[in-house]
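Novice: One letter stands for each residue in the lines below.
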Amino acid sequence: MSDLLEVRDLSVRFDAGRASLFAPRRWLEAVRGVSFGIDRGKALGIVGESGSGKTTTAMAAIRLTQAAAGRVLLEGEDLLTLDEAAMRARRKDVQLIFQDPYSSLNPRSRVRDILREPLDLMEVGTRASREERVRELIDLVGLRVDQLPLFPHQFSGGQRQRISIARALATAPKLLVCDEPVSALDVAIQAQILNLLLRLKEELDLGYLFISHDLGVVRYLCDEVAVMYLGRIVEIGPRAQVFESPRHPYTRTLLAAVPSLKRRKSSGFKRPAAIEGDPPSPINPPKGCAFARRCPHAKDICLSIDPALEPRAGGRVACHFPVS
Amino acid sequence: MSRILEIDDLAVDFDTRFGRVRALDGVSVGLEAGETLGLVGESGCGKSITALAVMGLVPTPPGRIGAGSIRFCGEELIKAPKSRLRNLRGAEIAMIFQEPMSSLNPVFTVEDQIVEAIMLHRPIEYDAARREAVALLERVGIPEAAQRARDYPHQLSGGMRQRVMIAMAVSCRPRVLIADEPTTALDVTVQAQIFDLLGEIQHEFGVAIILITHDMGVISEMADRVAVMYAGRIIEEAGADDVLDHPQHPYTRGLIACIPTLEDDASLREIPGVVPPLHALGRGCAFADRCAYMDARCRRERPALAPTGHHANACLAVAEGRL
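First to last, the protein sequences are chains A and B. Position one of the first sequence corresponds to residue 1 (the working numbering), numbered consecutively onward. Position one of the second sequence corresponds to residue 1001 (the working numbering), numbered consecutively onward.
It should be emphasised that the hints constitute simulated quantities derived from the structure, not laboratory data. Note that the structure is a prediction, hence the values are computed from the model and not measured. All C-beta atoms in this analysis are idealised placements derived from N, C-alpha and C, irrespective of residue type, glycine included. Certain hints may be false.
[Said to hold, decoys possible] To give an idea of the chain A side of the interface with chain B (calculated C-beta under 8 Å), a few residues: (1) S156; (2) A191; (3) G216; (4) T253; (5) R263; (6) R264; (7) K265; (8) I275; (9) D278.
[Claimed, not checked] Computed footprint of chain A on chain B, listed as stretches where at least three residues anywhere in the stretch have a Cβ under 8 Å from a Cβ of chain A: (10) 1033-1046; (11) 1185-1192; (12) 1217-1230.
Produce the entire structure from the sequences given, and follow the hints as far as they go.
Specialist: As structure tokens, this is what we get:
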């Protein structure tokens, strides 16, 4: 059991309406029975393609999207059963950084006020101590105190993401949910933010729930990795396990698809494990393993029985025929 | 090999509220028949403007070609009449864009759109053009091509739409295909499919590709030659292996060292600071403020792209052996 966050059998479904007046209601099964844990000071990366349920999983885990079933234990306390007031108070332990540093900062607020707002809302300390905390925060993320009176548009994308991070850290959270925090940034700036996140994790003993479609980024920052496909975790384990010896055919495909500096056109590179087609629709998902229709190793059983996530050599894999 | 596209000392200006800025400055690069040239750099460095200039599609105003020449098979395109450019575009030089949904017309079926491209440039009967459109869709890997041809763009997935764009782009057997970040909007497994397809298409049709990307991994897998751009200029150009294994310009070095890869455990080297805005470029090297090897001369002089053997770079520190 993980000591910071423990998510058990989390499911999220959205009403997808009816095809016609008398047709049965359709459900979009965004997250289907997902379980994972995060220890204090550790980062769990969730990777997967768009529509795999990465973001919905994270949002349901911090109760920004309503879960259909499951439990979310933050230091042993189930967030999903808390009443509104108790949940509000608990929010200072779980904060969030978004993908787009342009739309997630109020253009009319000065940086000072953006950073102080969470402290005011949570009624942390005295007025003077909040001002002091704001100065501490701006320094922590590598910006200068004299930049506090400025507005967000006066900063570059990378600097804005630093402001978002400072705001998220204002209430001294224990868990930071990062939803594609570097995808909107240029590669050179990405490295700056990733190194900042890595340093903060060590210094503040922060837990990260880190969502990204970029496997290189996840490998750089995360201790554990969960691979999602169509609302399910298909493989989860320590970073080295998932990246060096992936067991699920989808994980292998995903890794083989990432462009690599080691593969050269000049040496006649051909991709070994290319798969065809697109992921199936999450509306009334197919029976059996969701990946079966694209999987090179699929057999009859894969089309009828959805494999459970079973422990295998250090991690857990949901596959009838895991690759060794 | 012969150069089919030759860009020489190209400059593109834009009128902005900061006055006239030079978005592209002294860009010279050539494209050999059948090769893939990678254009790489951060956003705003001029990759896409270079592509638009080749297509004669720089929005005018506010943009205008300030200087230079673009020759396609020896023919000057800069002052060419609009009608001539229209004949070349799509037929000889085709382009695919980042977001396939916004480059397809939502109210026509994909078949109609490919047929239109074919009939515009070739003397061919409607029925024959339709058969060819379906064959092309089959070639780019669209399952049940005959049925899917009747689909509208919104009925297709992002990857399928980009396949349609590729089918349309190669429908007239162009000699140059410009692909401007063709997979940015796509998932990584679909991205791999599209790049594999582009590789096959190049092999089969012998088309030369200008591939615009910010991803050095893509360059590695796809490109024969690379031009690295920074703030509207080419700052390094060489064969892909030379650039990736022995980058010369400090910016190129930084660009390679700052990508988290699946093979390397080293900590990421950052490039400090940000790209300077084009209206605030000084006299010196545009990268100077972010460069660890900068000295007084870098502030005064803007280095030209100096060839050292077959590997060109624009850096005074490299020229003076200070690196």
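Novice: Next step is simple, just say for each hint if it's right about the structure.
Specialist: Structure-based check of all given hints:
no.	hint	in the structure
1	S156	holds, 5 Å
2	A191	holds, 4 Å
3	G216	holds, 4 Å
4	T253	holds, 6 Å
5	R263	holds, 5 Å
6	R264	holds, 6 Å
7	K265	holds, 6 Å
8	I275	holds, 6 Å
9	D278	holds, 5 Å
10	1033-1046	holds (count 3)
11	1185-1192	holds (count 6)
12	1217-1230	holds (count 7)
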